[in-house]
Amino acid sequence: MSAPAPLLEVHNLEAGYGAINVLHRLSLVVNAGEIVTIIGANGAGKSTTLNAICGVVKTRAGTVRYTPSLEVIESFTAANAGGWWLRNTGIPQHLERVTRKLARVPLALGGFLARPCGRALAGFARRGDVPRLEPDKRYTLNRIPAHLIVRLGVSQSPEGRKIFPRLTVLENLEMGAFTRTDPDGVQADIRKAYEMFPILEKRKHQPGGLLSGGEQQMLAIARALMSRPKLLLLDEPSLGLAPQIVVQIFDIVKELNKQGVSVLLVEQNARMALKVAHRGYVLETGRITFTDRADALLHDPRIREAYLGE
Amino acid sequence: MFELFAQSDAAGGFGQYLLLGLVLGSLYALIALGYTMVYGIIELINFAHGDLFMLGSFFALGLAVWPMDVVTADAPTAAIGATVLLMLVLTPLGCAGLNVLTDRVIYKPLRTSPKLTVIVSAIGVSFIFMNVGLFWRGATPIKFPDLISDANLIPGTGLRFTWKDLMVVAVTVPTMIALTVFVKFTALGKAMRATAQNPAAAQLVGINADRVIAATFAIGGALAGVAAVVYGLYIKSVDYQMGFQNGLYAFTAAVLGGIGNIPGAVLGGLVIGVVGELGKAYLGAKWSEALIFGILIVILLFRPTGLLGARTREKV
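Protein chains in written order, with this note's numbering: chain A, 1 to 310; chain B, 1001 to 1316.
So here's chain B without its partners, still in its complex pose:
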């Protein structure tokens, strides 16, 4: 115990905070992608996305204690592996399904309504999800099973990079690469970009906009599901309000990077993760949020479209 403490103490310093910030940032990026993809295609800021992420983590919590009854890192590695794998498969599926259902039942009938109407209903859905969460697991934070070891993978470097950190990176980075490849090279991915850029022209070439929008909600939801599992395993505590705060960070990340822009969301997530950690380290935790949003304001003052958002409205 003493050794662990000494180790983490020695690990202090700029490099350590940077590393931690990047790990957390990739988690924010994963959530931010859900905001940015939905916004890109129907110009809706889906406020319920953060709460979908919260419901996903509650769902994953059930998977941890239900099929294998694995609740600690002491369980056999194979059982832990199987449990984590099960979470990483079923939670995204559940979140994708819920997101598509929400779109079908609530947003789709409002497709031709003014933008504000849809945004207000998204806020409503956010509250509904939050209260479902409250009803489901109560108001007190719940311990998420601590399944992944905290052992340092790079001892002797003065830095601390645990199995948990590795897990975050090993899940988020391939997910984001897979998403990029999907959007860039597959027919559905190209149809998504086409619909986002010009919905009328997309119909003219025979793209079924409803199907593309449903697919976007499915992918956004699945990303929230992946993020929910990773978050639970990493932070080890979940509660019904976590969707609000993390959703707000992720939304900020999406805006920072240029909303509607996929690489932008990733960059924004990383920036927010790093700035948040450095702020916590050097200015104190209470200033960290102020710093994040201060930077957001400054960036938006000089680049209103976000860091990578060269998104200009095309002439009609």
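In isolation and in its complexed conformation, chain A is listed as follows:
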């Protein structure tokens, strides 16, 4: 039996800003159920990698392939099939019926005109339609608009301060659940987020911009979890946090992983990252220079010298 397709497969990715390419033929794989970490120095391209996967940074070459689970496909179809316009107005369905009738007009009796008109009508009816997902298909994320990628179950917790500064903490969390259509589930998840980070509940009516750096980081993580991701991209979650909170966050990451969330973790704190991860990649100036199991990397003398400060 062949191995199942990896959850995420990045192949020969190039991305950058302006004239500068930050990533050079970067390839990596995240299998379902794994915690994978990318370690590397400041400016190596770690955040760019995550942003390219989420579609916030345009890729220049290469592919980002993603295989959504059956569960994602089902919930996506239930919530988004056809988009708002198709589900709620009834106009597209009506137009499609008209199209079918037009397609039956005999060619000799004006069908040569009616049929193309009907097809144009049907095309118009499906405008803005969210693409239908098919099981066992791999989706090329870098051809999908960024705002649809979250709906496929990929969610990023961006590096500090990328929260909405003038929305309250509660509104920030609600925005994290923007793609969801189950208000009760969202409420339950907001309560869960408060359990995870009690400080957020204390500050729920404060604007996000007034939180401390560490609190903003917690908010960013909590917000990313609100979309119930299958693949969580974490950008420097330990940045600016007190050590005991860092430990707590990595515990949460492990716990989420046990619940079936795959994690791609970008960290400068290489020791912490390698301790929770299954596998690791070493990124140097936009190139993957090294990859292995995380515990092997932890004991590799080169890694120890360069990234673990020994």
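Do not rely on the hints blindly, as some may be mistaken.
Restricting the straight-line Cα-Cα distance to at most 25 Å, the calculated cross-link-like pairs of lysine-lysine (PhoX-like) are [to be verified]:
no., chain 1, residue 1, chain 2, residue 2
1, B, Lys-1115, A, Lys-58
2, A, Lys-204, A, Lys-192
3, A, Lys-202, B, Lys-1184
4, B, Lys-1108, A, Lys-58
5, A, Lys-192, A, Lys-254
6, B, Lys-1184, A, Lys-204
7, B, Lys-1143, B, Lys-1236
Covered stretches of chain B, as calculated for chain A (at least 3 residues, CB under 8 Å) [unchecked claim]:
no., stretch
8, 1190 to 1204
9, 1207 to 1221
These are computed hints drawn from the structure, not numbers from a lab. None of these values were measured; they are calculated from a predicted model. Cβ atoms here follow ideal geometry from the backbone N, Cα and C, with glycine treated the same way.
Following the hints, complete the assembly by docking chain B onto the known chain A.
Relative to chain A, chain B alone:
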């Protein structure tokens, strides 16, 4: 006639100018909101907004004489009511549609261009709209049907507050309250604020920025449409250049209040209305504009972000 004259004379004084200023100011505020919302979301000063307002008033003028043929306040109240209602529904719709179309055709392809490029094209759109207006209704000011009574609602107080004034307040205040509620509490409103504050993060949580921007243009346009109807009914005269002057006042109001800030635009509009009226009364009409812009300069010297604009750029 004599009585009316005497009444308005007696109504002179500080309170009267203040009242008039507040009424006019709420009108400016309505236009200013269109500037401020679009700026808040894509940092574009939409210079064409004032001219959209002008086209809206031309459109409303057509509605006054077309379906019911109501041109004076002597017509049956029901017909006037229906006409005004029709104007207040169709003009905002038309302006919203035109604004969204402009964004789709002209600003959207320039979304990633330098800011200056977009601003210059906005100035271009402003001229196009103005010339469309000129072509449509000619260069001479046109009388807008005088549909609403000038009778004083509060006789005996020494002040004058007519049905017309009431109409302005009765339209603008609920509109602004509805806008505030919409932006504060609805999912789309929150998505708008989120996109304005951090477009990249908004995409990360699954907000379709294009749709949010289109909605912003639609709302801004609709507000200009409402303002156009109210202006026409209140001032009773429209011309193709009115978008420039009123747009400039409204833009000033938006900057004064802190551009990108919705309560700021309302406050700025009211301040400009009141200052303009008081200036006209005590310094003479020719000094009124100088006073308004003088105050703008002084306020911006001490509060560069405007009265309510605590808007600071977040660290990236």
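Hint check results:
no.: 1; hint: Lys-1115/B / Lys-58/A; in the structure: holds (20 Å)
no.: 2; hint: Lys-204/A / Lys-192/A; in the structure: holds (13 Å)
no.: 3; hint: Lys-202/A / Lys-1184/B; in the structure: holds (21 Å)
no.: 4; hint: Lys-1108/B / Lys-58/A; in the structure: holds (18 Å)
no.: 5; hint: Lys-192/A / Lys-254/A; in the structure: holds (16 Å)
no.: 6; hint: Lys-1184/B / Lys-204/A; in the structure: holds (16 Å)
no.: 7; hint: Lys-1143/B / Lys-1236/B; in the structure: holds (6 Å)
no.: 8; hint: 1190 to 1204; in the structure: holds (count 11)
no.: 9; hint: 1207 to 1221; in the structure: holds (count 3)
Checked against the numbered hints given earlier, this structure breaks none of them.
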